[in-house]
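Asks: This is what each chain is made of:
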Amino acid sequence: MKKLTMIFFIGFIFLAANYIQAAGDECFNCHDAQGDNPSELFKNDIHHKKGIPCSGCHGGNSKSDDMDAAMNKDAGFIGVPKGNQISERCIICHSNPETMKEYGADIPTNQMELLSKSVHGRLSINGKERIVQCITCHNAHGIVEVTNPVSPVYPLNLPKTCAKCHSNAVYMRNYNPALAVDQLDKYRTSIHGIKNAKGDIKVAECANCHGSHGILPVKDANSSVYVVNIPQTCAKCHSNKSYMKEYNIPTNQYEEFSKSVHGIDLLEKHDLSAPACNSCHGNHGAVPPGVESISEVCGTCHALNAELFSASPHKKAFDEHHYPECETCHGNHGIAVPTNQLLGVSKGSICGKCHTPNENVDGYKVAKHMRLLIDSLSYSEDFADSLINNAEQKGMEISEAKFKLRDVNQAKLEARTIVHAFNEEKFDSIVVKKGLATSNIVISEAQNAIHEYYFRRVGLGISVLIISFLAFVLYLYIKRMERGK
Amino acid sequence: MKNFFNKVYFWFDDRVHLESLVEFMGKKYVPIHRHSMWYYFGGVSLFLFIIQVVTGILLLFYYKASTDLAFESVQFIMSKVQFGWLIRSIHAWAANLFIFSVFIHMFSVFFEKAYRKPREVTWITGALMFFLALGFGFSGYLLPWNQLSFFATKVGSDIVGAIPLIGEPVKIFMRGGNDVTGATLSRLFGFHVALFPGIFTFLLIIHLVLVQRQGMSEPLEFETKKPVAEKKKMPFFPNFMLRDLLLWLIVLNVLAILAVFFPAHLGIKADPFSSAPAGIKPEWYFLFMFQTLKYFPAHIVFMEGEVLGILLFGLAGLLWLLVPFWDIKSSKGKQNRLINYIGIFAVIFIIVLTILGWTS
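Protein sequences, first through last, are from chains S and L. Counting in the numbering used here, the first sequence runs from 1 upward without gaps. Counting in the numbering used here, the second sequence runs from 486 upward without gaps.
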């Protein structure tokens, strides 16, 4: 009996609360009585719960139960808002901090400002309204808080909400035919997408990377997914130790990347061809590359190196030992500019980790020889460069030799590429036949120019002496001749 | 040996009667006074011109006047041709010394009033050769086709283009089109190695013949105040000529030292699409005019300041050329201090403006 009393009491309270809320909204009462869908949805709408009547959006007089008076256009009734009118009704309250405060809401009030500047704020193909209105994402009569799991913009629902348009090839080609429409499919294959599907609201979904109301095109430098901004965007979560704690992965990727050759090019030099996080991990389908696919990932840019490595004896050995290919020697996020020190078997070299005087001896000898050659080439290039500078400072015309010095540097770069074949013969042909041979020519030409400089000085000295002697003899002759007269 | 030279002399004398020429030269004297040293600058200018002709011909063996090859051919001369660097450096330095020497020679003649009757034509041919020397400098500057010369030619020809009425057609004629291009290079090369040397040689022959025919001019006070018996003089041949030769040897030494210690540079190849190098300036002998034009306001009364400046320089040049005809006083053997003041003003003006242009 007690239980029955309790249920009755709770039911009474619920109905009373609804009655009290709806008491001032005659529109809702009437439509609810007819059992139509909008009023059904509106029952759970945050606005309904906050006591905002239908007239808040549709205009008119909600307090009157007379249909003519309630839907009187003179009283501001607009019926179903159309086009931009929809968003304009929303911003009456949502752009006004005072109004929002009255309803106890502490959400931002700049959504419309952001939307109008965003890619979604552009004119739709009919040329009359924005592409996206508030209700496109938030729905119309059943709007709930973002934190409510039934909200279409709740993290677990958002990918699907965005995909309503972005996975619709027919719709998307009206605006951006080049844009892919498989983002959702890829997302579902990513770590983020898989965890999101399992109910993890912390993992990245569309809005985490792209933003929500102020989404800008990828090519816009202010976009959070503009190539230069991507590392910071990813780092928002991936560099946050406490946020990432439960995922058990490192959080120093951004720190390492920003100091790496790629990071410096991208973040400091703003070289747009340098890779950002998504270049290796993918974007919508973001996953860490597998051990055997690393050379494929790096190879998208470093194609020749990847090709040489794949054909080299190291490919098989690395696969067998499950060594991550490029990463084994170069590292991953903190890749530094490669130096000669990487090669060889001395302290700090990579080859020596596997090739020792007792183990993998052939490789040990080859690595040692290769290091000797590349060091010789570097030394020879530096020497040639210093000689050219010396000759130039002496005012000698040495531009041809200076131009040839580029070929030496080119040979060094080629050597650093061909080293990925781990083939001594090929390496020799580049370093010795091309690099050192050219370098020797440059050294010889520069030395000749310096020699020529001193030759000119000596030649001048002799010429000046001869001419001065002639002048002196002539002077004496004139004096003698004029004295004689 | 002496017999051999005698035989050669008599061989020629037998055919062209050298005797009268030797007799003429034997009677030719150069006056000796406190301003005699200025006589030598005519000879120095002639010597430097001969060097220009000889080194110019040697450069012609390798130089190629096209936008594709001009810079490279000069680079080749500087780096590959035996003593090419020396020939080009001497050509460049001798050009500067030549203009400097011509300046001195011309002003010494001006201050001595040596242009007065009967030497009006000698003065005019000399003044025209001075203008041609500037033309040599302007046309030769572009030939290496480097960045500096390209833009200097652009600026220089733009200034010519500002002359009212004739400026634009003259500019187009100089450039061989609307802009400085390969056509300009070919054209200025033609001026530099054919047209200008031809006219210059013609004027030089007249100038030298007149100097020989009329003898050295004497300063007014020397000519009028001293009795003929008290006038010191020296034979032109061999005394003056040997002294000339001595000075030429000294100039040759200076030239060799300059060419070795400060060889001509090549710079970087001209790129018509690049922006002009900052602070671009013309050669030093144009600097005083370039700097003066900078001081003119944008507009003076009804015309552009720059145009007025160019017209004033044109007028000054014309008055300079025609000085024997308006300085009647000197021609009558009277002192004309105004000429001295004009000359002093011109020298100070040129020096000060050149220094200002150089340091700005």
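No lab work stands behind these hints: they were computed from the structure. Incorrect hints may have been included.
Said to hold, decoys possible - If you anchor each label on the Cβ, the simulated ranges turn out as follows:
1. L:Lys602 x S:Glu400: 56 to 62 Å
2. L:Asp664 x S:Val218: 49 to 55 Å
3. L:Gln567 x S:Ala317: 56 to 62 Å
4. L:Pro757 x S:Glu400: 20 to 26 Å
5. L:Pro762 x S:Phe383: 31 to 37 Å
Stated by the list, open to error - Simulated crosslink set (DSS-like; lysine-lysine; CA at most 27 Å straight-line):
6. S:Lys479 x L:Lys549
7. S:Lys479 x L:Lys716
8. L:Lys565 x S:Lys404
9. S:Lys434 x L:Lys487
10. L:Lys602 x S:Lys479
11. L:Lys718 x S:Lys479
12. S:Lys402 x L:Lys754
13. L:Lys512 x S:Lys404
14. L:Lys512 x L:Lys487
15. S:Lys402 x L:Lys718
16. L:Lys766 x S:Lys404
17. L:Lys512 x S:Lys402
18. S:Lys394 x L:Lys565
19. S:Lys394 x L:Lys766
20. L:Lys487 x S:Lys479
21. L:Lys565 x S:Lys479
22. S:Lys128 x S:Lys117
23. L:Lys716 x L:Lys602
24. S:Lys241 x S:Lys219
25. S:Lys394 x L:Lys754
Claimed, not checked - Covered stretches of chain S (in silico footprint by chain L; criterion: 3 or more residues with CB under 8 Å from a CB of chain L, positions within the stretch not fixed):
26. 395-406
27. 466-475
Glycine included, each C-beta is placed from N, C-alpha and C at the ideal position.
Asks: Against each hint, give a clear statement of whether it holds in the structure.
Replies: Verification of the supplied hints:
1. Taking 56 to 62 Å as the suggested C-beta distance range, the pair lysine 602 (chain L) and glutamate 400 (chain S) conforms, at roughly 60 Å.
2. Between aspartate 664 (chain L) and valine 218 (chain S) the C-beta distance comes to about 43 Å, which lies outside the given range of 49 to 55 Å.
3. Here the CB-CB span from glutamine 567 (chain L) to alanine 317 (chain S) is close to 59 Å, well matched to the stated 56 to 62 Å.
4. As the Cβ distance of proline 757 (chain L) to glutamate 400 (chain S) is approximately 24 Å, the hint placing it in 20 to 26 Å holds.
5. Judged by the Cβ atoms, the range 31 to 37 Å given for proline 762 (chain L) and phenylalanine 383 (chain S) holds: they are separated by roughly 33 Å.
6. This hinted pair does not check out: lysine 479 (chain S) and lysine 549 (chain L) have alpha carbons roughly 48 Å apart, beyond 27 Å.
7. Note on lysine 479 (chain S) and lysine 716 (chain L): the hinted pairing holds, with a Cα-Cα distance of about 21 Å set against a maximum of 27 Å.
8. Annotation: proposed proximity of lysine 565 (chain L) to lysine 404 (chain S) holds, straight-line Cα distance about 16 Å (limit 27 Å).
9. The straight-line distance between the Cα atoms of lysine 434 (chain S) and lysine 487 (chain L) is roughly 66 Å, outside the 27 Å bound, and the hint therefore fails.
10. With a C-alpha separation of about 35 Å, the suggested pairing of lysine 602 (chain L) with lysine 479 (chain S) is violated against the 27 Å cut-off.
11. For the suggested pair lysine 718 (chain L) and lysine 479 (chain S), the alpha carbons sit about 16 Å apart, so the restraint of at most 27 Å is met.
12. The suggested pairing of lysine 402 (chain S) with lysine 754 (chain L) holds, with an alpha-carbon distance near 15 Å, which does not exceed 27 Å.
13. Restraint check: the Cα-Cα separation between lysine 512 (chain L) and lysine 404 (chain S) comes to about 65 Å, which exceeds 27 Å; the hinted pair is violated.
14. At roughly 24 Å between alpha-carbon atoms, lysine 512 (chain L) and lysine 487 (chain L) fall within 27 Å of each other, so this suggested pair holds.
15. Between the alpha carbons of lysine 402 (chain S) and lysine 718 (chain L) the distance comes to roughly 60 Å, so the proposed pair goes past 27 Å and is violated.
16. Distance hint between lysine 766 (chain L) and lysine 404 (chain S) is unfulfilled; the C-alpha atoms sit about 33 Å from each other, more than 27 Å.
17. A threshold of 27 Å between alpha carbons decides the hint, and for lysine 512 (chain L) with lysine 402 (chain S) the separation of about 62 Å lies outside it, so the pair is violated.
18. Between lysine 394 (chain S) and lysine 565 (chain L), the direct Cα distance comes to roughly 17 Å. Compliance with the 27 Å bound is thereby established for this hinted pair.
19. The suggested pairing of lysine 394 (chain S) with lysine 766 (chain L) holds, with an alpha-carbon distance near 25 Å, which does not exceed 27 Å.
20. Note on lysine 487 (chain L) and lysine 479 (chain S): the hinted pairing holds, with a Cα-Cα distance of about 23 Å set against a maximum of 27 Å.
21. Taking the CA atoms of lysine 565 (chain L) and lysine 479 (chain S), the gap is near 45 Å; set against the 27 Å cutoff, the hint is violated.
22. Between lysine 128 (chain S) and lysine 117 (chain S), the direct Cα distance comes to roughly 16 Å. Compliance with the 27 Å bound is thereby established for this hinted pair.
23. Distance check on the hinted pair: lysine 716 (chain L) and lysine 602 (chain L) sit about 21 Å apart at the alpha-carbon level, within 27 Å; holds.
24. With a CA separation close to 30 Å, the supplied pair lysine 241 (chain S) and lysine 219 (chain S) exceeds the 27 Å bound.
25. The hinted pair formed by lysine 394 (chain S) and lysine 754 (chain L) meets the criterion: a straight-line CA distance of about 21 Å does not exceed 27 Å.
26. For the segment 395-406 of chain S, the stated coverage by chain L is satisfied: 5 residues place a CB nearer than 8 Å to a CB of that chain, which reaches the threshold of 3.
27. For the segment 466-475 of chain S, the proposed coverage by chain L is satisfied: 6 residues have a C-beta within less than 8 Å of a C-beta in that chain, meeting the threshold of three.
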